[in-house]
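Generate the whole structure from the sequences, applying the supplied hints.
Each protein sequence line maps, in turn, to chains Y and A. Reminder that position 635 of the first sequence reads as 635 in my numbering, one-by-one numbering, no gaps. Remember, my numbering sits 1000 above the position in the second sequence when you count from 1.
Any given hint could be a false lead.
Unchecked claim - Ranges between beta-carbon positions, derived for each pair: (1) Y:Arg441 <-> A:Gly1326: 42 to 50 Å; (2) A:Asp1252 <-> Y:Lys658: 53 to 61 Å; (3) Y:Arg441 <-> A:Gly1052: 53 to 61 Å; (4) A:Ala1297 <-> Y:Arg297: 39 to 47 Å; (5) Y:Glu159 <-> A:Ala1303: 23 to 31 Å.
To be verified - Rough simulated footprint, nothing fancy, chain A against chain Y, three-plus residues with beta-carbon under 8 Å: (6) 635 to 647; (7) 669 to 683; (8) 694 to 708.
As the list claims (entries may be wrong) - Pairs of lysine to aspartate or glutamate, EDC-like flavour, derived with a Cα cap of 16 Å: (9) Y:Lys285 <-> Y:Asp226; (10) Y:Lys46 <-> Y:Glu60; (11) Y:Lys46 <-> Y:Glu217; (12) Y:Lys760 <-> A:Asp1232; (13) Y:Lys114 <-> Y:Glu254; (14) Y:Lys760 <-> A:Asp1310.
No lab work stands behind these hints: they were computed from the structure. As the structure is a prediction and not an experimental result, all values here were calculated from the model. A virtual CB, placed ideally from N, CA and C, is assigned to each residue, including glycine.
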Amino acid sequence: MSSAKSTPAVPIAPEGWTPQAGPDPVLRAKHGLIGAQVSRLDGALKVRGEARFAAEYPMEGMAYASLRYSTIARGRITALDTSAAETAAGVVLVMTHRNAPRMQPPPLFLTAPKAAGGSDLPVMQDDSIHWNGEPVAVVLAETQEQADHAAALIEVLYESSPPRRFEEARAHPRTPNSLVGQPVQVLVGDAEAALADAAHSVDLTYRTPRHNHNAIEPHAVTLAWDGDDLIVHDASQGVKLHAWTLAQVFGIDESQVHLTSPYVGGGFGGKTVWSHHLLGAAASKLSGRPVRVTLSREGVYRLVGGRTNTEQRIAIGGDDDGRFTALIHTGVSAITPYNALAEQFTFPARHIYATATLKTDQQVVDMDMLSNSFMRAPGESVGTFALESAIDELAIELDLDPIELRIRNEPEKDPSSGLQFSARHLVEAWRAGAERFGWDRRAAPGTRRQGEWLIGMGCATATYPYHRFPGGGARIRLDKTGHATVEVPANDMGMGTSTTQTMVTAERLGLPLERVTVAYGDSSFPGSMLAGGSGQTASIVGAVIAAQRALVEQLLVLAGEDSPLAGLTADEVGGRDEGLCELADPTRWESYARILERAGHDEVTVVASAADPDETQAYSMHSTGAVFCEVRVNSVTGETRVDRMLGSYDCGRIINPKAAASQFRGGIIMGIGLALMEDTEFDERTARIMNPSLAEYHVPVHMDVPRIDVMWTDIPDPYAPAGARGIGEIGITGVAAAIANAIYNATGRRVRDLPITLDKLL
Amino acid sequence: MIELTYTRAADAADAIRRAEDENAKYLGGGTNLVDLMRETVEIPSALVDVTGLSAEIEETHDGGLMIGAAARNTSVAEHPAVRTRYPMLTRAIVAGASAQIRNMATVGGNLLQRTRCTYFYDTDGSRCNRRSPGEGCDAIEGFNRMHAILGASSACVATHPSDMCVALTALDAVVHVRSTSGERTVAFGDLHRLPGDRPDVETSLAPGELITAVQLPPSELAAHSTYRKVRDRSSYAFALVSVAAALELDGDAIADARVALGGVAPTPWRAWRAEEALRGRPATEATFLEAADTELAEARPLAGNAFKVDLTRRTVAAVLQQLTEGARR
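Rendered as structure tokens:
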């Protein structure tokens, strides 16, 4: 400890501090915790199988649920015979629209701060059918096998009409109300006129297919009613949102829903409120039994919305130097009348290039399908495929290196809002990445060959917005041993949130890692958070900053006149060496334990709310990056193999390089799937998903994943808590374009519709 | 619940006796049958575990190999005699499934795999003549990228999923079967049936007949053989097209050849016409392409799989070219 005393204390953020006011004081810390390679604190527990997931909570008298799904997309149930199921062995309850309790539809995401419904369709309230796979019956039984068997005995007849097809509906699109709360259209100047006048231009159409969620943990919930209180063990990306949403459905107060979700086997945007939550709770109410619903893999495809398909137009006009005079990104995606997510694929074009004129616009077409939803960088993942492919095509038209073309169009300020960037070091990321990758070895299209294999390199820009959600809160409990417990209603779905937050909090308070516990995944914790939009890290840090100030103010009161800290204010002290010291005179120091001991307190607890995220009003805030890849394409069979990838990112401060590298790599692997294989087979005749399994819905296998290098600028963002802008989703962005561009470089063939399967390259 | 008995057979005679019920099924590694039961495509009344039957891989008096039906795919692929004398078989096996599945799967079971057509598997929501004869086929005008271009019918366009069987048909394997009425042998090419108007009848085996062994005849040709599988990802995907081939040269001419195709037909597809078109001709790319074209003359591609015609042609030629280069080295 004595050697550590030479390190400076971490000041307390000023009263009323918001990120807009300037850098988080923790960025001045030199204790060495931020930026250290720390293994996930929950790792050993998970490896030992001791981390309990939603489907593993035992409840006294619990019944198992099985769902029966509709096989038509549009129409109504005309006959429903449940008699065989009701008399089958072990059956506790058969619930259909005829006996399901009345429930309010789940409030749709973004319609209220804590709304978490993926769809606001009423669930099992009448005989109408709106998508192929809609649940028509729930069976509860003493065992899962009994429930599954009885569910299969239910006879259902339908009256159906043909579902709408995309190509036909395409003729009558509508404009959505917003794109995740942002305006649908952005116009700067007259982009169409500028395009027509441009010396060089491309005007192209790109298509991306539907995708489905495949988290390693299928959705599950174990729940029970205790009077009018609902106890829920959930797999959730937002415990407070789930609790509030279920409260609305059942007409109870959100405080009556006690929802925990400490461990989640991957979320990716899919672990929100879907009909299994409602049906489980309804069946539990009806039967008086605790209920477990564990969706099968097929069940996840039938009940949990994924990514919708898109058709995108990119047009870019440039002068002889390659400077953009027009940038147009428009398009159409499929949606339902029961959700509001248009897959905001036009967002990247609003922020990443300087252009004299800009137009982005989106439309949607209603289809008879399960509501599409958030999935792995919604918008940016497929939007960057189109935009960054088109940049490559323009570079070829201009005979310019595609990196040089991008750097020439690097904006000084946000091209759509006109705001300054909070921080932007994308050019550095490009240069560092290009050097490490060996971009200078790239050859002319179709000229590198090894036997049957054609080899090529490609690159693309990665981008994802910074988010910090309003309403964040944190409780800190400091005990007399000097151990701090932070409680935040956050979720760790495997990305290392709890580890990262332990590091930042320890750094801030001047504690070693082992004296900090970050508790999360519990709806009883203060405030609200969402593990989404790559915004949770900033949201938690923002709340802990506020709570730390409240804690220090209380400690200084408790310290009293006999403390070396007597008379100091929170603005004059900082955290160091398991206590507080005066910033100006670090010898005035006292340990947290001693302060509590003298005051005769076992512990001190504070609760505080995060400052509003005003930084995003003042600055344009985005993580960015440069993605490089080298591919081989077989000249006989058209098979593509990715040989190596590199991601060079500018995401602000990287708190835990070990977890960050894993996040980036995971995203890049998803990008490989997006580029080469992921494709939901949606049979438009029936609007039924035909490949609801990991055998037929292809994601990359180990052999598809090459060495992946990741690097980052690590330059703190002065306007983000902990200087960190978010890394969760950027990894997938840009990858599909980088691969498509590399395939072009290898073969001279351009593929504009995903996935790039071998038949498109024969 | 669906009642089901499970028993282990001590030997072949015991297995046959235990499987007298018409809804009984022999259970090998279970890597396909158990899946089919979970999806309720198969609802057997009795499972007779035949993994205790012979798993031996033995030399035959004529210089071939006899492989017990219970031999695991992995042990066949790794057997030194298979690797050196029938390399296409090793390559075909390791191109299939995953290591874990190959460790479980038996030779007998592999022969009786059922198609992975997604409409066949969708018991709840799709029509399938192979599953429910006469019901109709939703694949013909649906997703048929994985489906057959050769040998299909208006009732069924599904493909046979096995890689191993493609090599076995090229190797002229002989299947030993046994039933209450005795033992018989079936030429590999006669084991699987084309769908015609009865796609549900997939093999020439009678009810209750048990595969006891697969015999590989001696073959000089087979030592110069290979297997190439083209698919949508590097591993754990069924073939879009696969080619098992062997080539024997006499100077620059082709003395003899074996070619079989996977992923293109409802059965492992022996390319007899291509073989005929190769014999005695110069071993050139032109010959290889012409032979492939001869085989593909009757290809009937569907909306989603027309690319397979060209892909088959290219892959056949590339494989034969590779064997030619290997033979000259």
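Each hint tested on the structure:
For the pair arginine 441 of chain Y and glycine 1326 of chain A, the supplied restraint of 42 to 50 Å is violated, since their beta-carbon distance comes to about 32 Å. In this structure, aspartate 1252 of chain A and lysine 658 of chain Y meet the distance hint of 53 to 61 Å, their C-beta atoms being roughly 60 Å apart. Between arginine 441 of chain Y and glycine 1052 of chain A the Cβ separation comes to about 58 Å, which falls inside the hinted range of 53 to 61 Å. At roughly 41 Å, the beta-carbon separation of alanine 1297 of chain A and arginine 297 of chain Y lies within the given 39 to 47 Å, and the hint holds.
Remark: the range hint 23 to 31 Å for glutamate 159 of chain Y to alanine 1303 of chain A is upheld by a beta-carbon distance near 29 Å. As drawn, the stretch 635 to 647 of chain Y meets chain A at 5 residues by the rule of a beta-carbon pair under 8 Å; at three or more, the given contact holds. Counting residues of the stretch 669 to 683 of chain Y whose beta carbon lies closer than 8 Å to any beta carbon of chain A gives 4, which meets the minimum of three for the stated coverage. Coverage of the stretch 694 to 708 of chain Y by chain A holds [criterion: at least 3 residues with CB-CB distance below 8 Å; count 8].
With a C-alpha separation of about 10 Å, the suggested pair lysine 285 of chain Y and aspartate 226 of chain Y falls inside the 16 Å cut-off, and the hint holds. Of the supplied pair hints, the one linking lysine 46 of chain Y and glutamate 60 of chain Y is violated, its CA atoms being roughly 25 Å apart against a limit of 16 Å. Straight-line distance between C-alpha atoms of lysine 46 of chain Y and glutamate 217 of chain Y comes to about 13 Å, which keeps the hinted pair within the 16 Å bound. With a C-alpha separation of about 12 Å, the suggested pair lysine 760 of chain Y and aspartate 1232 of chain A falls inside the 16 Å cut-off, and the hint holds.
In summary, the hint linking lysine 114 of chain Y to glutamate 254 of chain Y is supported, as the alpha carbons are separated by about 10 Å, within the 16 Å threshold. With a CA separation close to 12 Å, the supplied pair lysine 760 of chain Y and aspartate 1310 of chain A stays within the 16 Å bound.
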